[in-house]
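S.K.: Line by line, the protein sequences give chains F and G.
My numbering puts the first sequence at residues 6 to 248.
My numbering puts the second sequence at residues 11 to 291.
Everything labelled a hint here was simulated from the structure, so no lab data went into it.
Each hint should be verified, as a subset may be incorrect.
Stated by the list, open to error - One side of the interface only, derived from the structure: several residues of chain G facing chain F at Cβ under 7 Å:
1) 255
2) 256
3) 273
4) 287
5) 289
C-beta atoms are modelled at their ideal positions from N, C-alpha and C, and glycine is treated no differently.
So the chains spell out like this:
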Amino acid sequence: MSDQYDLLSVRGLTKNFTLHLQSRKFLRGCEDVSFSLKAGEFMGVVGPSGAGKSTIIKCIYRSYLPSAGEIIYRTGGQDIDLAKAPDREIIRLRRREISYVSQFLKVIPRVPAVDILAEQLTERGWPRNKAKDRAAEYLEMMNIDPALWDTSPSTFSGGEQQRVNLARALITKPRLLLLDEPTASLDAETKKVVIQALNQLRKQGTTMVGIFHDTDVMKRLVDRVFTMTSGRCKSIKRMQEVV
Amino acid sequence: MPASNAFVLRVTNLAKRYGQGCPSCYALTGPAFATNICPCCGSIVACHDIGFDLEEGEILGIVGESGSGKSTLVRCLYFDEEVTGGEAFLAAYGKGGVNLFAESSQRKRFIRNHLMGMVYQNPLLGIKPHFTAGGNVAEKLLTADVYNYADIRARAASLLTRTEIPRARMDDFPARFSGGMQQRVQIAKALANNPPLLFLDEITTGLDLSVQARVLDLVKEIQRELGIAMLVVSHDLGVIRMLADRTAVLKNGRMVEIGLTDQILEDPQHQYTQLLVHSML
Numbered sequence: 006m007s008d009q010y011d012l013l014s015v016r017g018l019t020k021n022f023t024l025h026l027q028s029r030k031f032l033r034g035c036e037d038v039s040f041s042l043k044a045g046e047f048m049g050v051v052g053p054s055g056a057g058k059s060t061i062i063k064c065i066y067r068s069y070l071p072s073a074g075e076i077i078y079r080t081g082g083q084d085i086d087l088a089k090a091p092d093r094e095i096i097r098l099r100r101r102e103i104s105y106v107s108q109f110l111k112v113i114p115r116v117p118a119v120d121i122l123a124e125q126l127t128e129r130g131w132p133r134n135k136a137k138d139r140a141a142e143y144l145e146m147m148n149i150d151p152a153l154w155d156t157s158p159s160t161f162s163g164g165e166q167q168r169v170n171l172a173r174a175l176i177t178k179p180r181l182l183l184l185d186e187p188t189a190s191l192d193a194e195t196k197k198v199v200i201q202a203l204n205q206l207r208k209q210g211t212t213m214v215g216i217f218h219d220t221d222v223m224k225r226l227v228d229r230v231f232t233m234t235s236g237r238c239k240s241i242k243r244m245q246e247v248v
Numbered sequence: 011m012p013a014s015n016a017f018v019l020r021v022t023n024l025a026k027r028y029g030q031g032c033p034s035c036y037a038l039t040g041p042a043f044a045t046n047i048c049p050c051c052g053s054i055v056a057c058h059d060i061g062f063d064l065e066e067g068e069i070l071g072i073v074g075e076s077g078s079g080k081s082t083l084v085r086c087l088y089f090d091e092e093v094t095g096g097e098a099f100l101a102a103y104g105k106g107g108v109n110l111f112a113e114s115s116q117r118k119r120f121i122r123n124h125l126m127g128m129v130y131q132n133p134l135l136g137i138k139p140h141f142t143a144g145g146n147v148a149e150k151l152l153t154a155d156v157y158n159y160a161d162i163r164a165r166a167a168s169l170l171t172r173t174e175i176p177r178a179r180m181d182d183f184p185a186r187f188s189g190g191m192q193q194r195v196q197i198a199k200a201l202a203n204n205p206p207l208l209f210l211d212e213i214t215t216g217l218d219l220s221v222q223a224r225v226l227d228l229v230k231e232i233q234r235e236l237g238i239a240m241l242v243v244s245h246d247l248g249v250i251r252m253l254a255d256r257t258a259v260l261k262n263g264r265m266v267e268i269g270l271t272d273q274i275l276e277d278p279q280h281q282y283t284q285l286l287v288h289s290m291l
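All chains should be modelled from the sequences, with the hints used to inform the complete structure.
M.R.: See below:
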């Protein structure tokens, strides 16, 4: 993989929060975080809760505005600093190549599961019936009971919601996929399905960063492990060294 | 970025002041002073130094408490109010190089009839309750120079069906419709001239929840299918989260923050935005 280019290169990323309402209280999210990812690589992020794992992912997706540092993302032969790129450029990248799977499914209420997935494709120019067919394939792959397909995920169990959440990101085949505990609250059987789907996506070239608590799952997915403690990088090791 | 030029609407330095004004009006109002009333002359600075770009198919949310200048902003852009200063450009008008505010009132009327749609919080501001539902849509079409009766009738029928007004009620008076139905007639009317730009001012405020949901679904669908750029004013962050790609936050007539909607909600920067987001239920 050494001949691959750096798809993502984070340098000195720092995120602080200033809470104006509590007399400008200052909180540290992460500090001076650096790493880079080759195209097609999968990096796991681990650490105790509150260590700043999600902060990093949210800074890359720009749900958080980084306080300092660079997040260089390579697209179309160009380098873009996601920390400073204009909002519209971020929107465009989110529509075309960067996806984020949060811990919880956030969707418009009332929209059936199959439409939530299909919408991702129609937004990208797919005809409606083809998009629906593909959406059904993904729901099937994720082991969602066909009886639920035309109901809203707000009625689903936690594990089912999490799978719809994942399927929604997977169906677009993003270039960069950010995952926040993708297998939390899944049973063993479904975990297998998710692992398979993620490995499949990786074979097609998707680069990924994922937060994991479950080391067994992580072992079967990632190349490298980034360990964090209190907002800082503790170590970056190859998966083999960790196990 | 090449995209920064592909605007539908560009607004720069928009200002609206009620009152005679004095040299210190702008210097002594705004969030830093927690007021929009000038202490020297008593003028009200409803909007000052507001600027943004709106792209094709984009929805920009405008949030803020009452009195922050949200409605004044859209009313200025729709020429309901005369601005005190600033410029606005529409890509579809004069190749995007003509300041709309400097145009004559005839030209403004042309712009608003042909290139803009407006949906007010109060449906009765946008529709005439004693014209039929179809007649209301027809009115907008007539002002946009569509005169063929059959065309008008067909377009009205398709728009009203689109906004879920039963065909059978097309010739009824909106005065006898429920609030939610009136709102949907207003939306049909606003869409009649197929505008590249739509203003929505608190369109779900005052509607009950299930009706609110259907109106929002409709807006989302329209945006998806027709790719119309929209300015959505709301004090309801849930509405904004559901509809807007980007959001601007207004406070005391100033724009204190603009950014990606999820960033505004998850990592608000300005003190007032933090207060607003943390007040959310």
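S.K.: Hint by hint, say whether it matches the structure.
M.R.: To see whether the hints hold, each was checked on the structure:
Taking 7 Å as the C-beta contact cut-off toward chain F, the hint placing residue 255 of chain G at the interface holds, the least distance being around 6 Å. Contact between residue 256 of chain G and chain F, as hinted, is supported at the beta carbon level, the nearest pair being about 6 Å apart and thus within 7 Å. The interface hint given for residue 273 of chain G is met, as the beta carbon of that residue sits about 6 Å from the closest beta carbon of chain F, less than 7 Å. Checking residue 287 of chain G against chain F by beta carbon gives a least distance of about 10 Å; that is not within 7 Å, so the hint is violated.
Interface restraint check: residue 289 of chain G against chain F, minimum CB-CB distance 10 Å, threshold 7 Å, status violated.
Consistency with the previously given hints fails for numbers 4 and 5, ordered from lowest to highest.
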